[in-house]
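**Student:** Sequences are here, hints too, so could you generate the full structure?
Position 61, counted from 1, in the sequence shown is what our numbering calls 206; the numbers after and before it change by one each time, with no gaps.
Hints in this document: simulated from the structure, not taken from any laboratory.
Take the hints with a grain of salt, since some may be wrong.
[What the hints assert, rightly or not] Label-pair restraints from in silico Cβ distances:
1) I153 x P178: 41 to 49 Å
2) C159 x Y191: 38 to 46 Å
3) P172 x P149: 34 to 42 Å
4) A193 x L220: 27 to 35 Å
5) L164 x E185: 47 to 55 Å
6) S165 x K189: 23 to 31 Å
By construction, the Cβ of each residue, glycine as well, lies at the ideal position given by its N, Cα and C atoms.
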Amino acid sequence: MVKPWTIIVALILCMLVYLSTFVDAFPMKPETPGEGAPPEELAKYYSALRHYINLITRQRYGKRSVPEEVMAELLFGGDRAHDRSSRSDDFYMW
146 MVKPWTIIVA LILCMLVYLS TFVDAFPMKP ETPGEGAPPE ELAKYYSALR
196 HYINLITRQR YGKRSVPEEV MAELLFGGDR AHDRSSRSDD FYMW
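**Tutor:** Written out as structure tokens, the structure is:
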């Protein structure tokens, strides 16, 4: 029979593994070189900072940016009234 403390240890271990996946998901901000740093070190810092800002502010593409939805929004505007009403509701066919 499995002891209760082994289940608790297994759950804690699983939670630690799960939470450790989020550590690498967000890039670290580069360290400031400090006062009186040489120009080469400042150039390296500004390059790393520019790379960091590009990573943080890059656009995310996913389910919400499906090309068909973007095209429909451009053609029909922001409201979805054209999706809800049928053509026969708008005017008489005969």
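**Student:** Determine for every hint whether it applies to the structure shown.
**Tutor:** Do the hints match the structure? See the list:
1. The hinted window of 41 to 49 Å between I153 and P178 holds, with their beta carbons roughly 46 Å apart.
2. Range check, C159 to Y191: Cβ separation about 42 Å, and the 38 to 46 Å hint holds.
3. For the hinted restraint 34 to 42 Å between P172 and P149, the CB-CB distance of approximately 40 Å keeps it satisfied.
4. Look at A193 against L220: about 43 Å separates their beta carbons, and that is not inside 27 to 35 Å.
5. Checked against the hint of 47 to 55 Å, the pair L164 and E185 fails, with Cβ atoms roughly 38 Å apart.
6. Look at S165 against K189: about 29 Å separates their beta carbons, and that is inside 23 to 31 Å.
Violation of the numbered hints given earlier is confined to hints 4, 5; the remaining hints are satisfied by the structure.
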